[in-house]
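J.: This is what each chain is made of:
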Amino acid sequence: MTGHVRTGTTAPRAPWLTLRRREMFEGWLFVSPTLIGFLIFFLGPLIAIVIYSLSEWNLLSQQMTYIGTANYQDALTQNPDFWHVIRNSVIFAAGLVPLNMTLALALALALCRPGRGVVFFRTAFFAPVVTSAVAWAIVWKFLLQGEAGAVNQMLATVGINGPNWLREPDWAMVAVIATRVLKMVGLNMILYIAALQSIPRDYEDAARLEGAGNWQIFRMVTWPLLAPSTLIIMVITTIGSFKVFDHIYLMTGGGPENGTLVLAFYIYEQAFEFFNVGYASALAMIMFAIVLVLALVQIMLRQKGSA
Amino acid sequence: MSSLKLRNVTKTFGKTKVIHGIDLDVLEGEFVVFVGPSGCGKSTLLRMIAGLEDISGGELWIGGRQVNEVQAARRGVAMVFQSYALYPHLTVRQNMGFGLKVRKEKPDSIARKVDEAAMTLQLEKLLDRYPRELSGGQRQRVAIGRAIVGDPKVFLFDEPLSNLDAELRVHMRAEIASLHRRLENTMIYVTHDQIEAMTLADRIVVLRDGRIEQVGNPKELYAHPDNIFVAQFIGSPKMNICSADAFAPELTRAGIPMEGVAQIGLRPEHLRIVPDGGLIKGQVALSEYTGGGSLLHVEMEGAGRFLVLSEGQEGPQPGDEVQLDFDTANLHRFDAEGRSLQAAREPVPA
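These protein sequences, in sequence, are chains A and B. Heads up: the first sequence at position 118 corresponds to 118 in the working numbering, and the numbers run straight through without jumps. Position in the second sequence counted from 1, then plus 307, gives you the working numbering.
One chain only, chain B, in its complex shape (with noise of 0.2 Å):
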């Protein structure tokens, strides 16, 4: 059963359209992440959906009701956000509670179920203290608590642990993993982080420019993107993209058709160093060590700098010249358009 739904979903700010015509169904229970960089309108398209922005077209429905002049509090979602929101002159206890006592529930009530929320959370020692009384992992917490207690139906996370330091971010994506596993409730996360969004997700919407570029879930994304786009945003260290024209001859030998072929991708990870019998070749312009390899940048003849994930301590040196092979199965085929040309697929299981 579909838990939110947005057809043909418009924003228009003044004169200027963010958001061009957004459908999607989301499933009930799904996480579904938004990803794209920084002004694709991700999280304007998140602040529609909770009702802190009008929708200038389209529509939107949850949970089978047609929301799109419903007031947010009417929506049944609950929203994290980046900066918390946790309000500083109230106790987590009163943070928790704000909004089952704006609602006038029962003081007996707002307890239990603050409790409740608190103990899923481990929050219960932390009930009377004041936000700047706690690290920034205990305000994530608080804040997702808050959401949690008024039992909505989708929960909407806006960026929500782009405040943490790398480690933290790490063990609170574990926990709102853990909790969306225990809750089993719609969630919908905006992120820029596209580790983030294939850690987390179910599905992953890829925007640009307020268009969904791609909806899949995250080995589809990786393995089909459907183009230059996504296939560049979707994977660290992102795909290597050239000119088709720069290795056609020796594609072509390898049995590869090139017809209609602009660009070409391959991926970091996807490009072995070998002795002899490469493919394609290039000089080593730059090697950076990352522990378990390097990272080399290989100046490619007329097909400008690859990147390529080379393992082991004893890697190749600046100045070295290299022949890399691959799998013709990894390589990523596009048209003059950035559209991929790969073969019709069946679905990638998640």
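Bound-form chain A, shown alone (with noise of 0.2 Å):
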């Protein structure tokens, strides 16, 4: 058989939709609606904040005028109120975090595994995290009422003269930390609970069959297999901490004396109590790169501590 070979024809022309463009196309269009919802929401905002925190804009009097690095300087160099309110967001997070993340990695060892009761007590620590932060202010503010407040009578049958939870400084903050522990700490022990069970149960057999205890197994297995988990876990716990409004808004409103004033709810006060939108915006992006930092060093510590 010979072969036969074609003399002046030309190559047929690819077509411009190639298999290629058309999955690129395709790739384009299924991530569209969230491009378009980031771009409108998130990125333009952003954008917008940076731009205002580089203004004076006065919502009353509808004039934007640019002053530079003024507003970042008047905040970090001459505003006391502004150190306080960053060593109130501290405290708080300080208290929140720690408190948080050792409740739900307890309640998640405790109801990791299949037994009786357990889907009945992870619904009801899980509960609060999607109740109405509202309901949870008013029922918690009814509960920490000074003399008259469930948990202060409950404290006087044990022979303890419980504080005025919401009106005292010190304890307010006390206060909002442990209640919002208890509201959010279902869902970080939800987090957890899925990355102990994805923890295969061999390792814990052979670490069982080689002699640890249970207290040996946690240290030397689970809690280094849990480390990618933690990370995020801190993270966003971190990052929540520093956002809280809802909670301080309803519970304390910033008060008493200011004691409980933290980032957030001071950044609302300026924007749309004081009208001051243009220190608000370089306040909101002070808190974003101190997030941002926050996240940065986390995840850092936790690259060297896995090296």
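Simulated from the structure, these hints should not be mistaken for laboratory data. Built from N, CA and C at the ideal position, the CB exists for glycine as well. It is possible that some hints are incorrect.
Claimed, not checked - Label pairs and their computed distance ranges (CB to CB):
no., chain 1, residue 1, chain 2, residue 2, range
1, B, 611, A, 20, 36 to 44 Å
2, B, 376, A, 182, 40 to 48 Å
3, A, 123, B, 440, 39 to 47 Å
4, A, 117, B, 595, 53 to 61 Å
5, B, 435, A, 295, 53 to 61 Å
6, A, 109, B, 363, 24 to 32 Å
7, A, 201, B, 328, 23 to 31 Å
8, B, 328, A, 160, 53 to 61 Å
9, B, 328, A, 200, 29 to 37 Å
10, A, 114, B, 363, 15 to 23 Å
11, B, 576, A, 201, 37 to 45 Å
To be verified - Non-contacting residues of chain A with respect to chain B, defined by C-beta distances greater than 10 Å in every case (computed):
no., residue
12, 43
13, 44
14, 45
15, 161
16, 182
17, 206
Stated by the list, open to error - With a Cα cut of at most 30 Å, we get these calculated DSS-like pairs of lysine-lysine:
no., chain 1, residue 1, chain 2, residue 2
18, B, 312, B, 460
19, B, 413, A, 304
20, B, 460, B, 411
21, B, 413, B, 432
22, A, 141, A, 243
23, B, 460, A, 304
24, B, 432, B, 408
25, B, 432, A, 304
26, B, 460, B, 420
27, B, 322, B, 312
28, A, 304, B, 411
29, B, 420, B, 432
Since each chain sits alone in its own frame, please combine them into the complex, following the hints.
T.: Structural data, given as structure tokens:
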């Protein structure tokens, strides 16, 4: 059989809509709803805030004047309230994050395996997460009232004279941290349960066969294997604690004596009570930077730890 | 001396009984393989011996001591898991020394024992690597090394080769056999692969639905299966089974006693294709070329389909009529309950 060589003919032109182009087009089509949402509701406002933060813009006068970094300089060097607010936010985060994560991990360890009542308790601890923040705050304000509150009445039965939780500056912070932990711990509990369930049972069995007790198994096997999940949980809990607004607004309104005035609530006050949108935007950018730095530090520590 | 003894051992999950009164003696230094289909209870039984599952009833003795209520770590057993269970955050050295560290041995003693085990398994160059940096076979060796380090009385293997590819499985099988010869420890090995069982075991325990079907050395199980289940489970391709009625006249003429015989069995490798004068005949339905020969699917009149191993390159083709012959000593006869009717026999040497 002989082969035939065609001469004088040109190869047919490839169609414009090649398989690669078609797949690319379909790909963009699928991500476009999310992408459009991201551009309109995240990137757009973020750019707007950067611009506002460099301006003096009072909502009442509707006048916007470019003032450079003056808002930032004012917040960082001249406004004593700012550092007080930062201190409160750090105290809130430092109290909430370890308490929330420890409690969530303890609950997850207790509830990660099937057993009698496990579903009930998981539901019970997760229910506050999906409960209305307003309802939660109203109930707790009622429970934490001075002498008439249920918490203090219970303490009185064991001879403890409880403080007026939400009216005393030091105790108000304790109360908002504790009630926030109780509201949100279920979320981290679920994340930890998922992480624990993804650890193969063989690791525990192997360790047990080699003589490890429960504490050694946790310390030497489970905890290191939970590290990636712990990092994620720590980052999102830290970010969440710096962004807390509704809980403070509903429980204490930042009081008493600004004892629970945290950054997100202070930004709200500046923007919507004092109408200093430019200044509030600068504060928001500072908050963004703080949260970003904290997240990066946590990730770097994790990478250093696992290296 | 018996290294491990099970007496009427049972296991119940809730209301479901999964192990039904197992009796077994394993001798010192013996390599015993538990084999059976998925869900037969072989891994559960192994985990009960290890102490990872409670024993619902009966007695378990290891090294002359009843250990029903003894913690897993104090039973003197080590286990190699199907998944290897190597801690991903620890190096090979740390994985192998984990048990010794937990037992608070001195660091220099741990290092010495790990080095010795590493040398036995040729793992010296891998000691500072993490499990993710190892191949499947290397991980397997580390898992075995971790078991060796603790110097256990009994090694337990739970389907240790099932995650390896075919070639590596053959290689590791040979390594495990050679390790057993060197260490001379008692080993109990679980697998669903009868080839693994036949090649490794001093004795095989065939399990079905939580009961022992037969215990014996590989040759004994192959030559004298106690029942149809064992007959079909041991040997590859599996034994042909058909109703005795299909060939009763031919077999009676050949002088084979057929009284009480309900089913007969013939292994594919025991059937010969002959030009004429065969005891039974059929038509080739399918021929699978295997390299050295062919595996024929032969449709037998009134007896269903038989598998026949045909050697050589020019075997019968689909549609050909074939006559089959066999040595009557290789015919297996079973009663209506599927029990073997073979005459009482001498034990087959291993």
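J.: Mind listing which of the numbered hints don't hold for this structure, in increasing order?
T.: 1, 5, 17 and 23
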